[in-house]
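The hints should help you fit chain B with the ligands onto chain A, whose structure is shown.
Respectively, the protein sequence lines represent chains A and B.
Using UniProt numbering, the letters of the first sequence correspond one by one to residues 1 to 252.
Using UniProt numbering, the letters of the second sequence correspond one by one to residues 1 to 551.
These are computed hints drawn from the structure, not numbers from a lab.
Accuracy of the hints is not assured; some may be wrong.
Taking lysine-lysine pairs in the DSSO-like style, the calculated list, with each CA pair at most 30 Å apart, reads [said to hold, decoys possible]:
1) A:LYS127 x A:LYS110
2) A:LYS127 x B:LYS550
3) B:LYS332 x A:LYS127
4) B:LYS550 x B:LYS332
Anything over 10 Å on all C-beta distances counts as not near chain B; from chain A, calculated [to be verified]:
5) ASP20
6) ASN35
7) GLY36
8) GLY55
9) GLU92
10) GLY102
11) LEU116
12) SER166
13) GLN168
14) TRP200
15) GLY220
Predicted model only: the values in this text are computed from it and were never measured.
From the three backbone atoms N, C-alpha and C, an ideal C-beta is built for every residue, glycine too.
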Amino acid sequence: MRVHGLWKRFGEQIAVSGIDLVLPAGRFVGLVGPNGAGKTTTLSMITGLLRPDQGTVEIAGHDVWRDPAAVKARIGVLPEGLRLFERLSGRELLSYTGRLRGVPGAEVDKRATQLLDVLDLAGAQHKLVVDYSTGMRKKIGLAAALLHNPEVLFLDEPFEGVDPVSAQTIRGVLERYTASGATVVFSSHVMELVESLCDWVAVMAAGRIRADGPLAEVRGEAPSLQEAFLQLVGAGGRSAGTDLDWLGGGGR
Amino acid sequence: MTTVPTTDVPAAPAGPGGPGTVRLTPLVVRLKLSLLRNGLRQSAGRRAVYLTSLVLVSLFAVLQLLGLIALRGNAHADSVTVLLLALMGLGWAVMPLFFPGGDETLDPTRLVMLPLRPRPLVRALLAASLVGIGPLFTLCLLVGSVISVAHGAAAFAVGVLAVVLGLLVCVALARAVAAANTRLLTSRKGRDLAVLSGLVIAVGAQFVNFGAQRLGAAGGLDPLDPVAAVLRWVPPAAAIGAVDAVSEGSYGRAAAQLLLSAAALAGLLALWTRTLTRLMTAPDASTLNAAEPAAREKAGRAGGPARLLPAGRIGTVVERSLRYVWRDPKTKSAWATSLAIGVIVPVFNALQGTGSVYFACFASGMLGIQMYNQFGQDTSAFWTVAMTISSPRDALAELRGRALALLLITLPYATLVTVLTTALLGAWAKLPEVLGLSFALLGAMLATGAWSSARFPYSIPQEGYKNVVPAQVGVAWISIFGGMIAAALLSAPAIAAAIWLNVSAGGEDRAWLLLPAGAAYGAALTVLGLRLAAPRTAARLPEILLAVSKG
Ligand SMILES: Nc1ncnc2c1ncn2[C@@H]1O[C@H](COP(=O)(O)OP(=O)(O)OP(=O)(O)O)[C@@H](O)[C@H]1O
Ligand SMILES: [Mg+2]
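Excised from the complex, chain A in its bound form (with noise of 0.2 Å):
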C-alpha cells in the first residue's frame, strides 16, 4: 500500500497535512497518535470515504480514487463514528452487506453464523443493531467487515470498548488472517497492544507522520513503544499534578 501525498483540510483546520507512507503486504500495522492527529481523517481517505484535497492512494497496485471498483473489492473497513444500518438485526445485517458485496447467498448465511459464533454474538443475533452496546457494535462492524475476505483490512480502533475475552478472540482472529498473507491496519490508544500485536508502526501527531517502520526501529532506545511515543509526540515533559491541586480531597 503506497500513500503519496495525502492532504486534507476542513475549513481553517488542516487535518492532514501531505502524507508519505508505504506499507508492505502481509503485515500487522498499528496506526498510532494522540487524540486529534488525523488518524481517522487519514484512514477514511485510503479506503474511500472521504475525498482527499491532494494526493494519491495505491493499494495492491490500484488507485483508490481512479479505479475503486478493483480496491474496494480487496478492502474491508470498520470506521469510526459512522452508523451502521441499526434497524436491522446483527444477522440481517450481515445478510445484507454480503450480499451487497455480491457474494452468494448460502455462502453468507454460513460464514455469518460462523462470525457470529467466533464473536460470542449468536445469542444477540436477532436482536436489532440499536439496542446492541458499543463493544457489540465494534464486534459486528468487524464482522461485517470480514465477510467477503478482504486482502486488506482497515481497523479505526477496533478494540475500544471491547471486554478483555473478546479481545483475545479478536486478536486470534486477526493473527491468523494476517499470517495467511493479508494485511491489517488498524488505529488505536493502546500502546501495549499495538507494541503486542504489530510489527510494523505509523505514529501521526498534527497531521503528519512523525517515524514510521518496523516495531523495532519506531521504539528504538526507549524501553517501550510507550516511551518512544512519548518522546515523538513531545509530550515526555508533561506531567498532571502541578495544577488541579483542589481536585480531591473531599472539599468543594
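Below, chain B with the ligands alone, put in the same frame as chain A:
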C-alpha cells in the same frame, strides 16, 4: 415530582453557592442568547435567513396589530380574535413537529449531567423560550386582540393578565409537545405512536382545509360565531374570551375562563416537567426492550414474500428498504403521513362533494416524495452502501432496488385510492385517464427523486424530532421543492394530453388511451431518471456520505 434524580450528586453540603441557590433563570436565558448569537455567527446564510424572517415577521405582526385595532367595535371582533388565538395555539402545538428549529437552541437533554432540580429548570427554560421571534409575534397578536375586544378599565386590567397567560400557555404548549415528541421518537415503543402523529397531522390539515372551504362558500364571517362560541372556552383563546366576557359584564364567565387558562398552563407545565424528568433520567429506554428471539427468527429468515424478490443487489436492497419502512421511526412516520394524506385528500373531498377524480393523483404524488433524499434516510450508515458501489452499474442496481421497494407499496396503493375515489364519485369513465396520469406523475417523481438524491443529499438527524439540520435547510428545500416542480414539468405532457382529450370533440372515447400511455411514459421516465442518477451517485459517494453524516 417526588423523585428528584440529581439530588445525590453533590456529596458536599449545599452551602452558599450550592446548586440550590444558583440564579438559574438569568443564566439559562443568557445561555440561550449566546447560543443564538453563535449559531448566527457560524454562517452568513443562516444570519440572512434569520434577519429576513425577523423583519418579515415583525412587519406582519405590526400589520396584524393594526388590523386588530381597526377591528375594534366590529360585531365579529370577538369571534375573529378568539379564532385567531385558537389558530395561534394550534400553530404553537404543531410547530415543534415541523419546524423544531424554532427552539433548537435549548435542548434540555444536554443539561442532563448538571445537578438541577426539575422545577427551577422548567421555570428557567420557560423564560428562555420567551426569547425569540415566535413569542414576539404572539405577543403582538395578544395585545392587538385585547385592544380590539376590551371595553372599559376592568376589561383592560383583565387584558394584561390575559396577555401574560395566553403567551405562557402558547410557549408551554410548544415545549410540552416538543418534549413529548422527543420521547416518542427516541423510544422504540414510540415508533408505533409516531405513525399516529403523522395521521393526526394529516387529518388536522384536512379539517383546516374544510373550514376554509366552508368559510369561502358562506361568503361572510357569520359561520365563525358557533365555532368561536366553543373555542372561547379552549385555552389559550379562553384568555381573550375572558376579556370579552368582562367587556360584556359577565364576570362569572370571565373568571371561569381565566381559571381555565391558568389550569391549562399548570397542566402543561406539569406534563412538561414529567416528560423532562423522564427524558433526563432515562434517556435511553430503547435498550430495555429486548427483541423477542423467536419472533425475530421468523421475521429474520428470508421466508415467504422475501423469496420472491430478485436475487443479487436489487433484491437485497428491496428487502432492506422495506424493513426500514417498518422499523425505522423516522421513515415509518414519513410513510404513514404520506399514506394518510394520499388517501384523505381525494376521498374526503369526494365525500364532501367538492372533489374531483383528479385529486386521486395526490396518492402517487405524496408517496413519490419518499424517493427524495434516499441516501439521507440511510444516515451515515450510507458508508456501507458507498463501500460496495464501485461502478455506475452498482449504483444503478442500488437505485433500482430502492425504486422497486417504493413501487411495491405505491403502485397498489395509488391504484386502490384512484379506484376508491372514482367509485365514490361514480365517475368510472374517468378511471383509466386518472390512473394513467397517476402513473405518469409517479414516474416523474421517481426520476427526479433519484436524481436529486444523488445531487442534493442532506442529513436527517436521528436523535430528537428534527428532520433537517439547520445548516442544510437550503439543500433540503432545493431537493424537495425543486424536485417537485421538475416532476410537475416532466408530467406536463401527460396532463396536456388529458386536457386535449377532454376538450376535443370525441376525445372522450379515446381517453382510455391515457392509461397505457401514462403508464409507459411514467416507466420510461423512471428508467431514464435512474440511469441519469446512477453515474452521479457513483461519482459523488464521498460527498454524499459527508452530506448525510451531519445528523
Ligand atoms: N468533518 C470534520 N469537520 C471539521 N473538522 C474535522 C472533521 N473531521 C475531523 N476534523 C478535524 O481534523 C482533525 C483530525 O481528526 P481525526 O478524527 O482524524 O483525529 P483522530 O486522530 O482520529 O483522533 P482520535 O484519536 O481522537 O480519534 C481534528 O482536529 C478534527 O477536529
Ligand atoms: Mg479517530
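Notebook entry, point to check: Can you give the numbers of the hints that this structure goes against, from lowest to highest?
Noted result: 9 and 10
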